[in-house]
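Please model the entire structure based on the sequences and the hints provided.
Protein sequence lines, in the order shown, are assigned to chains A and E. Under my numbering, think of the first position of the first sequence as 1, with each following residue one higher. Under my numbering, think of the first position of the second sequence as 1, with each following residue one higher.
These are calculated hints, taken from the structure and not from any lab test. Quick caveat, the model's predicted, so the values are computed rather than measured. Ideal Cβ placement from N, Cα and C applies to all residues, glycine included. Treat the hints loosely; a few may be bogus.
[What the hints assert, rightly or not] Computed beta-carbon distance windows for the label pairs:
id, chain 1, residue 1, chain 2, residue 2, range
1, A, P12, E, A117, 57 to 63 angstroms
2, E, R151, A, A37, 32 to 38 angstroms
3, E, F41, A, M13, 17 to 23 angstroms
4, E, G92, A, N137, 34 to 40 angstroms
5, A, T126, E, K61, 35 to 41 angstroms
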Amino acid sequence: MARIAPPIDMTPMVDLAFLLVTFFMLTATAIPDEPVAVDTPSSVSMVQMPETNVITITVDREGRVFFNVDGQYTRDAVLDDMAGRYGVTFTPQEKRAFVLMSSMGVPMASMKQFLGLTPEERKEITQPGIPVDSAHNELVDWINMTRTVTQNKVRIAVKGDSDADYKTIKKVVNTLVDRNKIMKFNLITNMEKGPDLDAAIANQRKAEKH
Amino acid sequence: MAELGGGDGGKKKGGKVRVKKSSTRIDMTPMVDLAFLLLTFFVMTTTLNKPQAMQINMPDKPKEDDKPPEVNEKNVLTLIMGDNDKIYWYMGITDPEVKVTDFSANGIRKILMEKKAELPKLVVLIKSLDESRYKNMVDIMDEMNISGGLRAALVEITDVDKELVKESQL
Chain A
1 MARIAPPIDM TPMVDLAFLL VTFFMLTATA IPDEPVAVDT PSSVSMVQMP ETNVITITVD
61 REGRVFFNVD GQYTRDAVLD DMAGRYGVTF TPQEKRAFVL MSSMGVPMAS MKQFLGLTPE
121 ERKEITQPGI PVDSAHNELV DWINMTRTVT QNKVRIAVKG DSDADYKTIK KVVNTLVDRN
181 KIMKFNLITN MEKGPDLDAA IANQRKAEKH
Chain E
1 MAELGGGDGG KKKGGKVRVK KSSTRIDMTP MVDLAFLLLT FFVMTTTLNK PQAMQINMPD
61 KPKEDDKPPE VNEKNVLTLI MGDNDKIYWY MGITDPEVKV TDFSANGIRK ILMEKKAELP
121 KLVVLIKSLD ESRYKNMVDI MDEMNISGGL RAALVEITDV DKELVKESQL
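Pasting the structure below:
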């Protein structure tokens, strides 16, 4: 005898589902537009980066260097300091444009012109990258100014492309170590599962016995 | 199509206009489907978005009057990252024999394990040629983490090392 199953009241489940949807939608942060796509190498390291007070130095596969720091207040103050150092003045509109941007790779000489463009125009042009040569190094100033503004609370993360030249990475690392005296920094990597070391050792022993 | 045009003709023959009774219950299934789809999407994207990082500690630059630490050169393993993901390596400092290996499980990881078992005071110097790529540097630091308990440092390459690599012709 087949009986008709009693209907299940789905309301509590739907309530919970929508509660979770709302929660995740509100906590999710949109990834800001990056001027370059970077394919980071993977590592077994599991250190989590903090979400605030981070300078991200991006190195793309062509060896261009980009600078990014989070926090609208920090960005505003850093741009002010940089403007004073390089003798450039920015209008409030240009400052606003800088505060709302993410990574940028433009030398200070062409910064004013770059900030005057509309966001769409900015996406179109290829940014030349921040100068990191020993003779003309603007990255060191960007980092120094940010450290002053944030009272040295800022952490440094280097986000390099797998295929980036070691030459450029060396320049960035030398800037950090020699010029900024920063000995500790982080490299952003993808997650990768570590090898099974015990199994590897067991295999090796087995091979030695034979 | 036919029903849209001439459907009413049939009903009028009965003489009554029947109001179709509709159920007061709404089928929630599509809404629930959508809710769970969104839920799955947001759960997946938020957990995978956190960036992983690797901590790097560079050695401090020695001061003028600092004595360099005494290290027996037999304990020094030098790794040089070359082009095409090659690793040149040698033990000691005077007249070393340069060999070449790669990033496979039987390559550098095996060498590191053997040397670590052989020499408990092993010191690893990591140098990179300009031709190598960033991935090599991350991979070798990763190998150091995997092997564990190794004293390793990223060091600037010297002309002597470049000569050694060139002479080895590997």
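Verification of the supplied hints:
1. P12/A with A117/E: 57 to 63 angstroms: Since the Cβ atoms of P12/A and A117/E sit about 60 angstroms apart, the hinted range of 57 to 63 angstroms holds.
2. R151/E with A37/A: 32 to 38 angstroms: Cβ of R151/E to Cβ of A37/A: about 36 angstroms, so the range 32 to 38 angstroms holds.
3. F41/E with M13/A: 17 to 23 angstroms: Hint holds: Cβ distance 18 angstroms, inside 17 to 23 angstroms.
4. G92/E with N137/A: 34 to 40 angstroms: Given a distance of about 37 angstroms, which is inside 34 to 40 angstroms, the answer is holds.
5. T126/A with K61/E: 35 to 41 angstroms: holds, 36 angstroms
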